[in-house]
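**Q** Chain by chain, the residues:
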Amino acid sequence: MQRYIARRLLLMIPTLLGVTFVVFLMVRAVPGDVIDQILGDFGAGDAATKEALRKEYSLDGNLAAQYVRWLGDVVRFDFGNSIISDRNVLGELKNYLPVTLELSLLAIFFSLLIALPVGIISAIRQDTPIDYFCRSFAISLLAVPGFWVALMLITLAGRYFTWGVPPKSYIAFTDDPIGNLRMLAVPAMILGAGLSGGVMRFTRSTMLEVLRQDYVRTAWSKGLSERVIITRHVMRNALIPVVTVVGLQLPILVGGTVIIESVYSIPGMGRFYVSAVNAQDYPVVQAINVLVALVVIFANLGVDLVYSILDPRIRYS
Amino acid sequence: MANNYWDSYWRERRSRRRFLGSAAAAGVGASALALVGCGDDDGGGTEQLATPTSGAAATATPVDPLAGAKKNSGTLKHVLAGDPPTLDPYGNISFLTKGHAVAHYSRLFMYKSGPGIAYGSVRPTPDAAASAESTPDGLKWTVKLRPNVKFHDIAPVNGRLMTSEDVKVSWERATSATSTNKPTLPVAKVEYPDASTIVFTLTRPSGTFLDDMADTNVFYIMPKEAFSGGFDPAKTAIGSGPWVWKSYEPSVKFVRTRNPAWHVGATSGAPFFDSVEHAIIPEYANRLAQYLAGNLDVSDVNADDLSSVIKQVAGARIVGTSGPTLSFTFFDSDPASPWNKDPRVRQAISMAYDRDVLMELGYNVKKLRDAGIKVETNWHNLFPAGETAWWVNPTGPEMGAAGKFFKYNPTDAKALLSAAGYPNGFDTTYQYTANRYGKLFNDIAEANQSFQAAIGVRSTTDVQDYSSKYITQTFLGDFKGIAFGYQTPFPEAGSYLTRFFTDVPTNHSRIKDPEMTKLATDAASELNAEKRKQIMVDAQKKNAEKMYYIPNVAGAGTGWAAGAAKLGNYQEFVTKAYGAPAETHPFWYRA
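Residue numbers (this note's numbering), protein chains in the order written: chain Z, 1 to 317; chain R, 1001 to 1591.
FYI, nobody ran anything at the bench for these hints, they're computed from the structure.
It is possible that some hints are incorrect.
[To be verified] Each computed DSS-like pair below joins lysine-lysine, with the alpha-carbon atoms no more than 27 Å apart:
no., chain 1, residue 1, chain 2, residue 2
1, R, Lys1168, Z, Lys55
2, R, Lys1246, Z, Lys50
3, Z, Lys55, R, Lys1469
4, Z, Lys50, R, Lys1469
5, R, Lys1246, Z, Lys94
6, R, Lys1407, R, Lys1541
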């Protein structure tokens, strides 16, 4: 197992190197640049100022030299300063990432809270009205956009139940855990509801697959109760693939919560990322992409390792 | 999810201004401000006004709108739609950066707001300056600093007095190679003969010197410690403005406390709020919900929500602002293009637009009027409709014969196209950006295209990304076809002419008309108020005759904002550009 983990960690190096190269080139392939953003229409035609600013931010050399210099810094885990705000990128990420991670984990929690029971019930009551209802429920959760639900909830709260309006400014968990949950619970539920549709459908499919296995039929023939068969024999095997799906939701959420974060004024990675992309703030965009790549790689590794814990038949070497 | 530049800009502005109708400030021109002295502090102070040529002085009637102000008003619960890209006022052109800077840093001059002062007649008043005097030829301006301007009592500045040395280092930063907002003033040199005197020598007379100095885009006075490593202006702010830095959590909020030593509030005690908290809330629905729940003292309000807000919030202080943001159609500069071959093509396109329909589309006019709410529906001219001091009503008699080109008349428009050699119309490209200015702009951009098509100007649409294409190419005249966009609102209206008709990159259509260029340069240097007004009127009429730029209506309707019932004088203050944190917020108080 240790050799397997070591090999996977070594394989991360070329993957990350590829990510840095692609990200570095892609942000610069977009027409215009960060200096155009800084100057806007006021300085749009001011070539001298543009040149001076490019020099100041070391954007005037050739791309290869810029890439090597940046990569050298990244290896030391130094992502530099934002060209736009002049604040340290790593410092900014330390502020934004935990917020999004908390939101994402809460969303996954709520997603599982909905998806697992509904998926399981739907499978064990296949082709009954309960199953039809659960499947329709799942489809509706998939179909209704989270931002619409969020806007509706906020608008209705403002109009009809102002006590339901979320706190106007983000409350850190360390400052006030209850206030923090008040801030994040509803957006996490909305995100979780959106995620739960897919997980529920997947849970149902894998449950049905396992329910048709010979060993389950054997269990039935032995006269075991439904509760025992489902919880001890079916769920443990059926939920292994579900772990993969759930595990891969985390990196998606890290970069994919921008709309909910904007609606609820949550200072997370999504807002940070989108504003950086809009401003073509190279150091920030590059840093976030490298970070998300790291999250994806580690999430994949984590899922694979959890597999071996859940399924004793799986052994890595 | 309309989170973008102009939506944000409007939110900031709307939340701070009062609707005061369309009263023009006739006779208040640039030259009337050649000598400005502060006989008193605050908005109610006495000002001495004189022209540089005659030296005659007039005294304004002293008014004290702040006599009933309630000090210790607690915390003003304000809102921002986004973070400033940087806190350094010379590090980014964003209005959010300027809106932050103006809370902390003084300028030499600021705009005076208060009861009875409409948007179009807001004029400069001393900020850190005590007075400004020009030579009769308008080529040299001597500015004296107030003796009581203190920087905030924060290390390393520690509440020391401002001197001309601070002005000097700030001017050097403003004009440095990497400054993002270099002053466009015709300044030949600046001298600092003593600790309280600054002398600006100009290359030509400027009728807008004081406006330029009051413009929040131009010149902030920072303590010299900001440039010598004493503190980093990109991370914090230590100035001499009305608000003192307390904290900033990116994407969450700013907290600022009142500056008890603010020179402008020396008499009245402004700012009246003990502190101001700017929650950063990008989403309109959330801002409105927070306002309705009483968590914010102010919010922007969409026209669709106005009636319900009035019903739901007892005593809500609703304000409306007639648009100061110019929207306009512009054209490529290719001599072979139909509009450059014959000006009747441009006239026809202007006449193809039904501006009443566009206004209804953008501003929900009928519904609001049916609800008994007064809505301004003025159309833009070459100057935006909100610039009442200079704007000529396109539908009024002052426009003369050129007024007909603003009127919706598709029949005559087709006839003009035919006379220009295009009886069957022509094909072209129509471009605008849909990811910056918000839904209202986008709706009207689409409608414009339909109106053009109705007279035979058939176009394929190029919806452009703002950053990578529109602002860096199209806006600078590097495009083919017809374009539609917004112009940055300038506090000083002459800037529109300079940008549109002189040899600068923002002459979007590359107009080279000696007559228009002369009007633009004359407007910049004319010192006589009446003559300057006439130049501005002439420029609007001449543009309309040839329709180099076709003014539209997006931004010309009424933008709405709501203040809490307890904000006693919320509706009394209106200002220009991004000056609200210094020009209106300090004077608000709780009733």
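**Q** Checking against the hints above, which ones are violated?
**A** The structure conflicts with hint 2 only, although it agrees with all the remaining ones.
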